[in-house]
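Q: Chain residues, written in single-letter form:
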Amino acid sequence: MNVPEDLLYTETHEWIKREGENIRVGITDHAQSELTDVVYVELPKMDRQANAKEAIAVVESVKAASDIYAPLKGTVVEVNKALEAEPYGQGWIFVLKIDNADDLKQLKDAAGYKNQIG
Amino acid sequence: MSEAAQKCTPLYDEHVRLGAKIILFGGWLMPVQYTSIVEEHHAVRKNVGIFDISHMGQLIAEGSGARAWLNFMLTNNVDKLQIRQGQYTFLLNEHGGIIDDLIVYRIDDEKFLLVVNASRTGEDFDWLKKHLPGHVELENRSADFGGVAIQGPRIRQLCHALFGKDVDLPTRNHIVDLPFEGTNVSVARTGYTGEDGVEVFFRAKDATKFWNAALEQGTPMGIKSCGLGARDTLRLEMCYPLNGSDLSPERNPIEAGLGFFVDLTKPNFIGRDMLLRTKERGPREKLVPFRMKEKGPPPRPHYAVFENSERIGEVTSGTISPSLNWGVGMAYVSAPHAKIGAQIDIEIRGQKFPATIEKKPLYRK
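Taken in sequence, the protein lines are chains A and B.
If you're matching positions, the first sequence starts at 1 in the numbering used here and goes up one per residue.
If you're matching positions, the second sequence starts at 1001 in the numbering used here and goes up one per residue.
If we strip away everything but chain A, and leave its shape as in the complex, we get (with noise of 0.2 angstroms):
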């Protein structure tokens, strides 16, 4: 499973990648792994304020709905619109401008999130 070691992660299996004073979020290859038959993605709302562990995005398989999170508290301020017309696209599905930086130390490393999913 690729991990890649730039990258931030959550207990919930998204990614986040530091841009200044944003962060771009998709969800993981693990988690991509697990949904399978990915059919529709619903991104969230631009501007809305979101809560950390807060739930923003939803993903669907044939089976399931999945609430995607927030990592931190923030606003979202790009989404990722080719998703609705690929939803088995991979990629990122929304940009977080976070309202405190120091709360990325919340958010696990590469080797916290490789020892999570085993």
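Hints in this document: simulated from the structure, not taken from any laboratory.
Bear in mind that the values here come from a model prediction, so they are computed numbers and not experimental data.
Where is the CB? At the ideal position from N, CA and C, for every residue including glycine.
Mixed in with the good hints there might be a few duds.
[Stated by the list, open to error] Stretch-level coverage of chain A by chain B, calculated; a stretch enters the list once three of its residues show a Cβ under 8 angstroms from a Cβ in chain B:
1) 38-48
2) 60-70
[What the hints assert, rightly or not] Calculated pairs, SDA-like style, for lysine to any residue (alpha carbon to alpha carbon, straight line, at most 25 angstroms):
3) B:K1021 with A:M1
4) B:K1352 with A:A82
5) B:K1080 with B:L1132
6) A:K97 with A:R48
[Said to hold, decoys possible] Where chain A lies over chain B, by a calculated footprint (3+ residues, C-beta under 8 angstroms):
7) 1030-1037
8) 1287-1300
9) 1318-1328
Fit chain B to the known structure of chain A by using the hints.
A: Just chain B now, with coordinates in the frame of chain A:
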């Protein structure tokens, strides 16, 4: 649910070995998928797929009067069955509500095999036992048998590979015993996918041998092992009901649109009075198939159904149909709204998505 309540079929180790995702279904640890629901679904529509159905229950009723008794317990008419023929039927409670939907096979003049849903086996057995007359014997043989469903257009080819080129396969809804590697297996021409196929029952100890033989012989035909996920998408495209989702003790076969499997000309059977009344008055709600009008999120059980701004019902089954690559489902809606072509809305996470009430089945070849 406690560990003790989780039952394994005789094929459980095979599923784990094949890397299946395992879920708890009606008290059983069952494969929901091996690689992908969509891939497994297409294997059945295009080639052939094999499902473990060992969790299903087998009850045997035998004795003089078994035929008359089953005609009192079940909605369809077993008098119409020749020996080795089966029929789809319902077991109802006194209010006409559905305890289970099942297939009853006539094995001999006064001997019948009932193949019932896994999660209802105990309940069915208790209900039947409670109404059992002295001269009929009822046995729950579920633990003795394993079973597989092998479904798809290449089924004949695979059966010839498994049972020999000269073998006569049973005709639709019939069951025959065929020799297989020194033992006998029962082969029924039935299924739950809309494809040609068989359901094979064998002694539990022969399960692994049969499963692996089918996978090996089926390799040139593109066989795939298929889980409950594909079983659900395949049956839903055909609008075959799933007990516990589309059927329940609060629903009767007339509301479910399955009156074809109820013989109201029989003088008496459990639930008949209520069904007659439903038929006379018309059902309050009806189970209807629907198709989403736009590409969007899949409909799911319990989503509310609207016509204009009026709430008219609730979804009982829904998915993205892999064959149609489109959202489809079934819902109970109030009878005046249950018209083919009617425009409805499905509410998904607070937002309404348009859909159309369709004719059965949702998918045609």
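Q: Indicate, hint by hint, whether the structure satisfies it.
A: So, going through the hints one by one against the coordinates:
Only when three residues or more bring their CB closer than 8 angstroms to a CB of chain B does the claim for the region 38-48 of chain A stand; here the count is 3, and the claim holds. Counting residues of the region 60-70 of chain A whose CB falls under 8 angstroms from any CB of chain B gives 5; the rule of at least 3 is met. About 17 angstroms separates the Cα atoms of K1021 of chain B and M1 of chain A, which keeps this hinted pair within 25 angstroms; it holds. For the proposed pair K1352 of chain B and A82 of chain A, the alpha carbon gap of about 22 angstroms is at most 25 angstroms, so the pair holds.
The straight-line distance between the Cα atoms of K1080 of chain B and L1132 of chain B is roughly 22 angstroms, inside the 25 angstroms bound, and the hint therefore holds. A threshold of 25 angstroms between alpha carbons decides the hint, and for K97 of chain A with R48 of chain A the separation of about 10 angstroms falls inside it, so the pair holds. Only when three residues or more bring their CB closer than 8 angstroms to a CB of chain A does the claim for the region 1030-1037 of chain B stand; here the count is 5, and the claim holds. Here's how the region 1287-1300 of chain B fares: 4 of its residues keep a CB closer than 8 angstroms to some CB of chain A, so the rule of at least three is met and the hint holds.
Figure legend: the region 1318-1328 of chain B, annotated as covered by chain A; annotation consistent (3 residues with Cβ-Cβ distances under 8 angstroms, at least 3 required).
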